[in-house]
Amino acid sequence: MPQHTFKLNGEQVTVEAPDDLRLLWVIRDLIGLTGPKYGCGLDVCKACTCHINGKAFNPCSVRVADIEATDEITTIEGLADRRTGALHPMQQAWLDHDVAQCGYCQPGQIMAAIAKVRQAKAAGREIGDADLDEIRNICRCGTYVRIRAAVKAAAAAM
Amino acid sequence: MADDPSPVRGDEGTGRRRFLGYVLAAPTLVVAARLGVEAAGPDVAEAAIPSPPAPAELMDLGDALTLAALPTANLISIRLNTDGTASFALPRAEVGQGITTAVAMLIAEELDLPLDRVEVTLADARPELLFNQLTGGSNTIRSLYHPVRTAAAIARARLLTAAAERWEVPVSALTVRAGVISAPGRSATYGSLAEAAASTRTTTASARPKARSEFSVVGTPRNRVDAYDAVTGRKKFAMDLDVCPDARPAMVRRPPTINGTVKAVANLAAVRAMPGITDVVVVSTGVAVRGETFGQCVDAVRALEVTWKAGTVDGESDATVLAKLKAATPPLAVPKLLTKSVEAEFSFAFASNSALETNNAIADVRSGSAEIWSGLKSPIDAQQMIAKRLGLPQSAVTVHVTQGGGSFGRKLFFDAALEAAEISQKMGKPVKLMWHRTDDFRHGRAHPMSFSRIRATYALGDVVSFEQRHASVATDFTHGLGEALTATAAKLPVGGLGFAETVFELTQEVPYHFGVTTQLLSEVPLRFHTGSMRDVYSPNVVCARELVVDRLADKMGKDPVAFRRSFLKKDRYRTVLDKVAELGGWGRSMPKGTAQGLAVHVEFKGCTAVLAEIDCRPETTGRTIPDAVTGPRVTRVVMVVDVGLPINPRGLEAQMIGCVSDGIGLALTESLHIADGLPLEGSWDNFFYTRQWNTPPEVTIVVLPPTTGEPGGAGELGVAGSFAAVACAYARATGTMPSRFPINHGTLSFDPLPREPSIPQSPTDGLDHAF
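Protein chains in written order, with numbering that gives the first Met the number 0: chain A, 0 to 157; chain B, 0 to 770.
Hint data in this document are derived by calculation from the structure and do not stem from the laboratory.
A few of these clues could be false.
If we take Cβ atoms under 8 Å as the criterion, some of the chain A residues that face chain B in the derived model are [stated by the list, open to error]: (1) Gly34; (2) Ala55; (3) Leu131; (4) Asp132.
Computed list of lysine-lysine pairs in DSBU-like fashion (alpha-carbon distance at most 30 Å, straight line) [unchecked claim]: (5) Lys235(B) <-> Lys151(A); (6) Lys578(B) <-> Lys151(A); (7) Lys151(A) <-> Lys120(A); (8) Lys325(B) <-> Lys554(B); (9) Lys557(B) <-> Lys578(B); (10) Lys235(B) <-> Lys54(A); (11) Lys235(B) <-> Lys6(A); (12) Lys569(B) <-> Lys557(B).
Not close to chain B: a few residues of chain A, all C-beta gaps over 12 Å, as computed [to be verified]: (13) Gln2; (14) Gly9; (15) Glu10; (16) Val12; (17) Ala68; (18) Thr69; (19) Arg82; (20) Thr83; (21) Gly123; (22) Glu125; (23) Ala155; (24) Ala156; (25) Met157.
Where a beta carbon is used, it is the ideal one built from N, C-alpha and C, also for glycine.
Looking at chain B on its own, in the form it has when it is part of the complex (with noise of 0.2 Å):
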């Protein structure tokens, strides 16, 4: 917090706007507000041979969700409680993405408390919230920026008005630091005005945020508000709240193929009966088995002697989903006539989604009503869907939004809540579910495989076209997002397309002037278990891009970072590319084996350039870990980031290392192998996400101060520049164009685990492997 006290702000010439927002009637003081619209304009255009801006330039992903909120963000409070702290309960999930410390920092901000005295939690589902309760598209901080500060801003007059009221003395003779009015000869703080300040009956009221100049919280660097509880094992996942005494351990057991159902179960009553088995039932999943121990449910679903029927997927392998995405490709339009081109096609494999926190939920399933707690992105559609499940209506079902043990995706969809939704009911008993690590491969959401086929051609130093055709395994989008979007659907830029394609046509964007310029997405609909994954098409449509851009530079016989400048359509964009050419020392000069790579990505109205340095010797890729892969080092990576307007920049800095690891997994080593309907991996030595040995030892990340002055999206916005940058670096590095993502996927690096029974038992021999 600021050390000098604030001077009470007035409303007259300060050239700010004016957002308008509510008292609530409540015993202390409840604030809340609605939210203005910003229209994005496109850019002039400059240089090159212009592209009209794409629908993303104009409006993006997070610009329709903002705009689905619109209605009911007045529904967002704060509230100011009598011992001086303030809270808010979030509508969105905290997953690890640092929202709950960059929402408490915009209220502390703006009420001018200390960041320890707001207490940001997690709402539960609140259907009334209609659209406005989904955490996805890198939109939370776009979405709830004005809200909240209005909201906070229109607290801080409040309790100001009370003082001056109580004291009669003009507003103006009044500071506020830390909480605490003053005025000559005496003070009050914050909680012993709450009441006073409280409303008995609901009022609009309106109030100016701080401009940016004064800012003393936002924009700083903090640390994130639950780090001491996460680094004392205080943090409570869901699996970990003792919220229903009576909730016991349950696991199922699975299908040997994706989506397959139980044909009998020839052994329910010697299962039952096992030591410390309460409950065996089918489900529409498979077996259900509870337990006093997860361990005890572990031997029994193991037990279980089960035959299944067909899932949905059992003739698909990798080979034939590639066939039948090649064939979907949309055809190219621009002949080759008069120029020359360049063409290439990527293929990209499945890749798991799945957090370090399997996917789990409790569960509390009684005649008329029912309880569910679960870490869920999309809980009001949870709610729905559950209720419906049951045969309940949608108040009777409790949705309480547990802290999230990652996601990546995976949490936008709530499948444990809605299955031990149905495993409590049909027990008759809670639940605890928790899947096991293999299940959670095998079953849970993949970012689906995806086919890129591009064309460009040039001619007189210019690239007249650059047309991408992108086929992907159909992504499911049932989780709230589809209705946020159908909402709004008349006030999109891309009217007439379908769901999946107005998502491609809100998030990509070439942001070079390459002429003609035309991305174009089909879809095939195979019933795997799909979802986003850090990014819904991004990082694939990326790093496809920037490797066939490499190629233009080279064939033009340009440098690819003086070649990128000259195509890039800001000047924003400009800025990130040299900074990162600058402090990467772009073109130094390095062993042979080893090379430096770079990419652009802009998205979710920010941009990044990225700079990979990649080892790729033998006496490298030779490196021998026991169960992992080694394989290329990427050495160093420089990143810049321009979000518009960094709230937290060291947890941004954190997102983006996270994005960097990401980025390197995708490009090298992180795949599903579908075999038979199943994909083979089954734990995170077969599964393989960046690891220690995969970790550059050299990692910078450079967050700009502000450009736009308007938060852009963070969380998923340096994957894609990440992927791209490793895969120049390989790309140059050896030689060769990587066509095939991950880099090793040709290679099955682990035997797989059996099928059946689905999952594995414990290995007894840790102690042998202590150190």
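Bound-form chain A, shown alone (with noise of 0.2 Å):
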């Protein structure tokens, strides 16, 4: 069986899985992080996403073996600081505002919301409707008003 060896959350971790296995299931079933739920497996529900190198990505369609050595994996639960474990400002923006409902897709939400953030600064630009309205993943309890008010609440946080 292959070994990979990747970082996750800070820590350089090495599985042994078969190369085809994609990373949502080398995380979940694995390594036993939750944190990144299943939502489709097909890269649309967005439920998954994570960060490779501080980039928003969904392992449910990323092969285990198409991960570097030198790659830095961030789930849900490596978001906060390591050293205080103060909440990410997206975290707090999320409690402020109560977003979550039925919460299965909001670890997806958060991660996924702070490369929108991140992506609008690097352009040199405010969060604005038009980037949100980019954003693809689903919430069934339709928390999208709350998701959007605390994003825009955290971009001036981050």
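Please dock the two separately framed chains into a single complex, following the hints provided.
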């Protein structure tokens, strides 16, 4: 069985897994981190959104063999400050706006929202309605209105 | 919590009702309660041509369920722990609707305990509760409001008595603040009194819960008690649990048509030998595989070579079902003789109630017992059916209710729990069964297609009659709700009707004085997988009704708000209407191709009025987003909601925001296309639930302060009005009343995934889309 090494939430990890196994199942079924959720396995619903080297991506649609040893993967569990435990401003905004309902999609929503804000900032602008319209993550509880408010609030603190 | 110490409440002269309950034999204080009956009476009719009260006005579905819960409600108990916390195992399912938070608030209120010291968990299936463990009909708070408060109030009184006896002072000398009882010169925490206040035998007790004027928690906006866990990834759903170490991932290869069954599998041995796969067995719903990871299960499911027997609706498609519904629609009765009339017909497509968490369950079936973990809204029924399937006594099946990742009607059923139990038994090993998303749309529950025909007649400024005839593919109610209603059938005001017709009559109410008013349901028994979907009938029935109301107003030369105002039956309804018209700026001038629409909906002892603004201009409908439906955009929604007594206004607002998202989807984009016995939709880029690009940039929810003083149902209340308001806005913006919903249903906006194998492979190009 091939071995795969990468950085996960700041720690170097090595797992044995078939090359083709999608990273989501490596994280959930082999490593046991359950923050990233399964919602479709088709790179559509975005419930599993994590970060790779600071960018949002969906591990349901990436072979574990395509992850390099130097890649840094961050799940929702690794988002808070690892030293102080302080929440990321996006997580705090989510609490301030009481965004979550069932909560199933929210780890993915938060990870996607952070990347969206970074993307806007890198382009030299504040996040706006047009950016928010591009977020593809499904929330079947329909919390979109509070998500929009929380992302705008967090952007100011990021 | 209140900052001021609460005075100890006496029993006399308050005018408040005293409720009976129990102190149960236990090492620490455990209290339980039974609840009183509130008979609902019709308000006095006024103005217009009075319509006699419909059954739903006298007693609605929630009342019926509350009544069903009566004989056993005393088994709901609250425990005071020695660490000063209170715990309550809620016999309901939390699926996002916020009931753990609301119930914790009720307990914190009555106990004068900080909210964060109340722990509400979800109870395992408790068959002794009979009908009182069903989460549906927006009934949780309505049925638990009195018993939970009563139990908490008894607990508080017991703790006070224990402190008074310990200190040899009268109870009237004591004050309570934040879980600490004080007398001059000394104090004691609830935790330190929990054992002293306990009873060695079960006794009756009584208490008067607080008057509304004393509330300091109930009615104040609170964040969800599980919000921190949700945003840190700690909130655990069934597939996240590590409760059964040997439970391995399992998935099922499903048939190409609904309810198809396995004829033969050509390569069982080869699939069993695939990497990571431990077991492959034929089950009643398809072929189940078990492996080390879900990824390997996907590979195995796709590799299976299966031939299938026919399903139950192989010959059915959208057009054949609609034809059957039209044929089954009950006839209209009022002739169009001396009056003018409005007639209209509407069809509503199948819609999936799929939650974001797909159907799933953990099952560990042994030779003489079974243990199940799943998000279940009817766990007792699940326990009974699983026991029957496994050939075990009901008492040998333990059913744990886990936190649910959304429901919308879906979790009333336990399809995955039953299937997981069968698979575990056949494999002789514990399994973590998860449905693939594509299966969840194609083989999961759906709100059935329906057809509505309306005739309204009018003369001399009055509406003389309003008839609505609704035909629906049969809705499956075989999940415990049936037993609850059957048990109370003799007490219901709709004797002699079939079960679905009973639910229809108990939920439908025309809030206008429209003279002779009748609404009838007819069902077509087709064997699709059906169920309710954030309400049962109201979203479709009310959308049709409100569109006709707009048309009546137009024909009678009246403004839609003024027209509704003049015919609404109650001041309470007029209040939400007036408020939404005022806040929403009803009648403001808008560009051509955009418009406002407005609707009123009454249900669950509550009411809403919704104003929606829509943009149907080509530059908006022509927006292109990859793999998406754009179309008209709802640009603004204002909703005013009156639930009688809001427990947690922030949670209620959240529910109404969700209802708005649902209503927009139902009106514009969200449906299943049935073709040859199977829905074509297989992903969230096929089934167009509302997305960010469909979300109104501006949504205002106004929660009215207490009106009736009794909490009505909330979780589903806002869908019908939102749906109808968007439909009415669309009709006004385009000048054409839509008759088919959702409005884009006539266009198939995606390439359907293959039927075989039943699930698609995951892509591998995820890194190309990183941003």
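Interface hint compliance - Asp132(A) to chain B, C-beta minimum distance less than 8 Å: 4 Å, holds
No chain B beta carbon within 12 Å of Val12(A)'s: 16 Å, holds
Interface restraint verdict for Leu131(A) against chain B (beta-carbon cut-off 8 Å): 6 Å, holds
Gln2(A) remote from chain B - nearest C-beta pair above 12 Å: The assertion about Gln2(A) holds, with a minimum of 15 Å to chain B.
Hint consistency between Lys151(A) and Lys120(A) [alpha-carbon to alpha-carbon, up to 30 Å]: 12 Å, holds
Pair hint outcome, Lys569(B) versus Lys557(B) [Cα-Cα no greater than 30 Å]: 20 Å, holds
Status of the stated non-contact between Thr83(A) and chain B (beta carbon gap over 12 Å): Answer for Thr83(A): holds, closest chain B Cβ roughly 14 Å.
Interface-negative label, Glu10(A) against chain B, beta-carbon threshold 12 Å: Nearest chain B Cβ is 16 Å from Glu10(A), so the label holds.
Non-interface claim for Gly123(A) versus chain B (Cβ beyond 12 Å): Label holds. Min Cβ-Cβ 16 Å, cutoff 12 Å.
Distance restraint between Lys557(B) and Lys578(B), which requires alpha-carbon spacing of 30 Å or less: Answer holds: Lys557(B) to Lys578(B) is near 19 Å, not above 30 Å.
Given pair status - Lys151(A), Lys235(B), alpha carbons within 30 Å: 28 Å, holds
Given hint Lys54(A) paired with Lys235(B) - CA-CA distance at most 30 Å: 25 Å, holds
Violated hints are absent here; each numbered hint is respected by the structure.
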